[in-house]
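Protein chains: 2
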Amino acid sequence: MSTILNEVLAANAGYTADFGDKGKLPMPPGRRFAILTCMDARLDPAKYAGLAEGDAHVIRNAGGRASDDAIRSLVISYKLLGTREWFVVHHTDCGMETFTDDVMRKLLRSSLKTASVDASGWHDAGGGGGSPEGEHISWLTIPNQEQSVLEDVQRIRTHPLVPRDIPIYGYIYDVKTGKLIEVPAATQAGKAA
Amino acid sequence: MSTILNEVLAANAGYTADFGDKGKLPMPPGRRFAILTCMDARLDPAKYAGLAEGDAHVIRNAGGRASDDAIRSLVISYKLLGTREWFVVHHTDCGMETFTDDVMRKLLRSSLKTASVDASGWHDAGGGGGSPEGEHISWLTIPNQEQSVLEDVQRIRTHPLVPRDIPIYGYIYDVKTGKLIEVPAATQAGKAA
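Residue numbers (the numbering used here), protein chains in the order written: chain E, 892 to 1084; chain P, 892 to 1084.
Chain E on its own, in the form it takes in the complex (with noise of 0.2 Å):
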């Protein structure tokens, strides 16, 4: 068993020892909000926006980006289990400023012709020379946080899916600091009809 997985069991059996009153809690969110925000390692959104256990949902992807995968679970979110607020929380120094969907192009277009003679571990996607998985792919890359956010904010507000009264608020979280710095453009975009 891999180190990881020890440690990651060993900590859930912690966990569990002391885990309360907490399996009593109901399946919709108490404070009926939820956050759009980014995978980042660095990011604890329950901390940092200060969540117990049955507050708020909480959706994560590279970038904290909204993909039709973040606006079907916001839909969800708000249609089966009662959220009425909503964060697009996106942050400094993010991974997803660091590179283009041409050199992700190219960084698997290189992975994947190599795959079928070496051992780099990757599948082999087009029988070694075909065009390869990843080439349409949008990376959903991030050439500037105030306008990400500001463009996130208004396509989850103009979505024919998402009702015209959820306020969604649009903010930028320094990894230097832990502040949530609000983005008032995009918060404006996204005020409740």
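Check before you lean on any hint, since a few could be wrong.
Derived, one-sided and incomplete: chain E residues facing chain P with beta-carbon distance under 7 Å [unchecked claim]: (1) Ile895; (2) Ala902; (3) Thr907; (4) Asp935; (5) Lys938; (6) Gly941; (7) Gly945; (8) His948.
If you are wondering where the hints come from, they were derived from the structure by calculation, not from laboratory data. Glycine is no exception: its CB is placed at the ideal position from the N, C-alpha and C atoms.
Chain E is already provided as a structure; the job is to place chain P on it using the hints.
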């Protein structure tokens, strides 16, 4: 300003006041692993798996499903930020077990139909009666947890952009006890080559 927004910003101020050395953490996850899990409010992956800030990527959506967007995030996690082990963690009493695509479509259809004539708060998707959005979305519902964990591990394992040498572990989080319960068939399917 909403009560929730005030509470979140107050909690954030408390967090930043005692931020310590966390501002110096590097971008790549220190423990080189990633967890894909559900957005459910009762789940706190940092607590149930023992993560400190900087340790691991956390990807969350409705159900903890291996959607294209989750796989986008995992590929970035590996390729650019160096994770080498992944967990897929679904959970008992998941909201995704409580409905089907059909139910969701009917719910949305009825909301969208009324959007143009009452104050339901929904956008009108199609001029009041056209084909509404959401008819063709797969909501990634879960008829059976063990099966969904297995399917998602298999989907990641066989994805052409996922390297063969990353082990993928399949678990179910029990919301009554906090315990991580292995899905052996999933972990087996997720074995590294």
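Do the hints match the structure? See the list:
1. Taken as an interface hint, Ile895/E checks out: its beta carbon lies about 5 Å from the nearest beta carbon of chain P, inside 7 Å.
2. For the restraint placing Ala902/E at the interface with chain P, the shortest Cβ-Cβ distance is roughly 2 Å, inside the 7 Å limit, so the hint holds.
3. Because the closest C-beta pair between Thr907/E and chain P is about 4 Å apart, less than 7 Å, the hint holds.
4. Because the closest C-beta pair between Asp935/E and chain P is about 5 Å apart, less than 7 Å, the hint holds.
5. A least Cβ separation of about 6 Å between Lys938/E and chain P falls short of the 7 Å threshold, and the interface hint therefore holds.
6. Because the closest C-beta pair between Gly941/E and chain P is about 2 Å apart, less than 7 Å, the hint holds.
7. Because the closest C-beta pair between Gly945/E and chain P is about 5 Å apart, less than 7 Å, the hint holds.
8. Of the supplied interface hints, the one on His948/E holds, with its beta-carbon coming within about 4 Å of a beta-carbon of chain P, less than 7 Å.
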